[in-house]
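Can you build the whole structure from these sequences, using the hints too?
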Amino acid sequence: MPFSELDTAAVARTLSQIAEQPEDVVDAFFERREEVELPPEDEGPGLRVWREEGFAVRLVREGRTWLASRDAIEGRPFAEALRQVARAIPSATYPEPVLRMPPAGPPIAAPELAELPPAVNRALRSHHVGFPVRYSVRRHRRWVQVVGPRLVPAAESETFYSVTVEGSWGRYGALFPRLDGGVAETVAGALVSLFRARQAAPPAAFRGVAVLAPGVVAVLLHEAVAHALEADVLAQGGNPEAAVGVAMATERLDVLDDPAAAPEGVRRSTDDEGSPVFRRWLLRGGVVEQPLADSLWARTSPVLVPGAGRRGSRHLPPGPRSSHLELLPGATDEADLLAGADEGLFLAEASRGSLDSLSGEFALHLPFARRIRRGALAETVGPCLLRGRVADLLTRVTAVGRPAYPAGAGWCAKGGQKLPVWATAPALRLEGVEIVPGGPGEMPA
Amino acid sequence: MSAVAVTPQHQETLVSLVRRGWPDAEVFLKRGRSRRVELSAFTQTSVFSQEQAWAVRAGHHRGSFFAAGTGEPDPAGPWPEPAGRSLRLPEPSLVLPWNEPSDFDAPLIGEREGLRLLESLGRELASELPGARLLSAALEDGSSESEIANSRGLRARTRARVATLHLEAAGPGRPASTASVYLAVREARKINPPALARRLADRLAVTAQGGPPERDGGEILLAPAVAVRLLTGLVPLFVGAKAGALISGLRDHRGRIGSERLTLIDNGRLSGGTLEAPVDGEGVPTREAVLVEQGFFRQPLLAWWQAETAAGHPSGCTRRASWRDLPQPGPTHLYIKADAKTPVVALLGSIAQGYYLIDVTGPGRFDLAEGKFALPVCGFAVEAGRASAPVARAWLCGRIATFLQGIAAVGRDLTFHPLDGMLGSPTLLATGLELRG
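Quick mapping for you: the protein sequence lines, in order, are chains S and V.
Under the working numbering, the first residue of the first sequence is numbered 1, with each subsequent residue one higher.
Under the working numbering, the first residue of the second sequence is numbered 1, with each subsequent residue one higher.
Quick caveat, the hints were computed from the structure, so don't treat them as lab data.
Be a bit skeptical, because a hint or two may be false.
Stated by the list, open to error - Here are the in silico distance ranges between beta carbons for each label pair: (1) Glu5(S) / Leu94(V): 43 to 53 Å; (2) Ala195(V) / Glu343(S): 46 to 56 Å; (3) His253(V) / Glu431(S): 52 to 62 Å; (4) Ala92(S) / Gly153(V): 42 to 52 Å.
Unchecked claim - Now the stretches of chain S that chain V is said to cover, found in silico as 3 or more residues with beta-carbon under 8 Å: (5) 42 to 48; (6) 58 to 65; (7) 69 to 80; (8) 227 to 236; (9) 340 to 352; (10) 356 to 368.
Note that this is a predicted model, so its numbers are computed, not measured.
Here a beta-carbon is modelled for each residue, glycine too, at the ideal position from N, C-alpha and C.
Written as structure tokens, this is what we have:
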């Protein structure tokens, strides 16, 4: 851990000098990041490395936040930042704590990055297909230490990988907690599906049955449940605590956010504000139980509990966000999800989702789908869009599959803060949902 | 700003990279500071950030690497091993005299001043459209200095000053219509709250009250916000070595790709421009490049290395969005030339029956291979030069060639929007396009 030599006690003592009121939230957020990327072969430079570190000092008082950040972990900038956030008039001078960080270390080696493209190529050949693609593989590492005036939680770290593959017929991107043989097969399988669907015509607009694979369920939950239940999003429509107790979905849906159960490598015991994380029941039996909140929003209502504060960078204040969503498995075997549908669509992949927080309009972009005929998978159809209002869509779940799987992950860029999000989910069957044709280049009729 | 001596530690890093056997080396240093103030219904945030970072590209004929980090680069490294493709760097070239704008030295907007500006926006919006409110407002004012040196002898130093404003607003009633504005100017104090509030209020009112039109054509007046979105979708036609081939299919029998009213320019040193600078992200001098002149395609926008394989003169158009980003060619200030003699009101008054489209409501769809586009828009139906009914949930559709050839007039209100670079357009009077519901 790079923060082992950080004198957190000295930092805490300094912070306590600007926490003048009992309800003040004061903290220091230290981070070190390291990213290594192997870009596509035809793109120079051949290896890319980013290393950065810095800190932010924050004061929250009566709904107002002051934050000062720097790109160095040193005593003098820290004292300057304290002076900038402190509300002392006239501005005071603060002692400079001794902040030592070990040097960045030896040259970065990431041999696993170079091993992935040939492994995917081998997996593609085993599917009896071959096509030119461009790989970009990146390893992300992040170390975080939060210090408060009274509490100093343990430092946290995250390591994960992002993979992007581009072909002339489409683009695939995903996050993985590690790069192993299973990743190559997952990537190859997704590429083969995209390749085989490249010329498939989009389906005609219809309202009916849709069976969602776990990866698609993950995107659905992220947009329609997690974003919808973030305290700052709820506040756009009124009082966030009013959402608690509202039946938002069918009683079949139990959805949690549990950062401590995320895949190894990205598991967290505290959030980016140093608050302990817990198994947060977003929906229990379809009813809203515990919206996502950080320490700022938790100050506004006793029903909002902190522990979901995340920050994309030290230069921006934290906000309430999900980390690892779980949909608890239901009672229906996967095969029966399809068998129960005479006609419909099986949605295997989602490229992205979007939510209009005010209107509740939701859209899930699907690069392709498979028709369901008499309970079995049939031909592939091209790009389409599952859309509707969140409140309506979540009541249309008629069966929850079993078991639940690690359901992939992706980037969420709400408010310009790009964060990885993870999920564990089973497949789902929805009935009476609207699906319309629509790819990125689809022209209106 | 000009060719300059660089700091000793900059030079030391460069020498160290070359001594390691990497004859092609470049060091980029950047320092910046910004003030961000943000308002929402329940929260108020003030952030003051200081950034200091560097980026290095280096390599030999067998490979190269890119490394970037915060603080100062350590000449001793650690550096990654070069891999993949080799690196090519620009030679030094003459930088024409440039007077640094005086507003570069203006202090960043203060916390109270910034919050007052955002609060006044909220008040102006409510007075323009009772019941309308700001959902969120974020103002960021920043300045930076950067320095670049490479092993071929190029040395340059530049400064930048940019303020951005992002507003999201909701109209009255439930469900409320929503609208957003994102703009960039050189200095936050140049933001005009009443004008912005009017723009948001118009958009909210039109979205709430307007309906989709029947399939219709006629003369369509495109406000700058709509015209620049069209231009953004067409950027691949005008940028890079392959642009000439893409655009050849758009020529008419006279060799024109657009109406004689269409003149398209890119200029990295545009006076008063948000990205105004004497050199680009690789230290290459910026200049004005005329891409389309009175409808005739002259050349694509080319970086120095693209000009070696494509016809046309290079211009300094390699952008470095931040120290984390690799330099990439793209528009700097890309704009359709305005006609100083034509006020927008005269264009509107000339429409017997048609539409005035004031904003876009979502991402556009562009099929450059098929030469078609569709853009979700809102605005007004126009009869006898006056707005007759609001229009919303509409798509502006047509062929790209028809749009370019059908520009019947351009206004004088050149306005820039932060999109793929700063893209600008005055109001355009377009013919031959279609509005669909």
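Structure-based check of each hint:
Here the CB-CB span from Glu5(S) to Leu94(V) is close to 50 Å, well matched to the stated 43 to 53 Å. Taking 46 to 56 Å as the suggested C-beta distance range, the pair Ala195(V) and Glu343(S) conforms, at roughly 54 Å. A beta carbon spacing of about 57 Å between His253(V) and Glu431(S) agrees with the range 52 to 62 Å that was offered as a hint. Between Ala92(S) and Gly153(V) the CB atoms are about 49 Å apart, so this pair conforms to the stated range of 42 to 52 Å.
Counting residues of the region 42 to 48 of chain S whose beta carbon lies closer than 8 Å to any beta carbon of chain V gives 7, which reaches the threshold of three, so the coverage claim holds. Check result for the region 58 to 65 of chain S against chain V: holds, 3 residues qualifying (beta carbon to beta carbon below 8 Å, three or more required). Counting residues of the region 69 to 80 of chain S whose beta carbon lies closer than 8 Å to any beta carbon of chain V gives 5, which reaches the threshold of three, so the coverage claim holds. Residue count for the region 227 to 236 of chain S with a Cβ under 8 Å from a Cβ of chain V: 3. That meets the three needed, and the coverage hint holds.
Evaluation of the coverage hint for the region 340 to 352 of chain S: breached, as 0 residues show C-beta separations to chain V shorter than 8 Å, against a requirement of three. Under a criterion of three residues with beta carbons nearer than 8 Å to beta carbons of chain V, the stated coverage of the region 356 to 368 of chain S is upheld, 4 such residues being counted.
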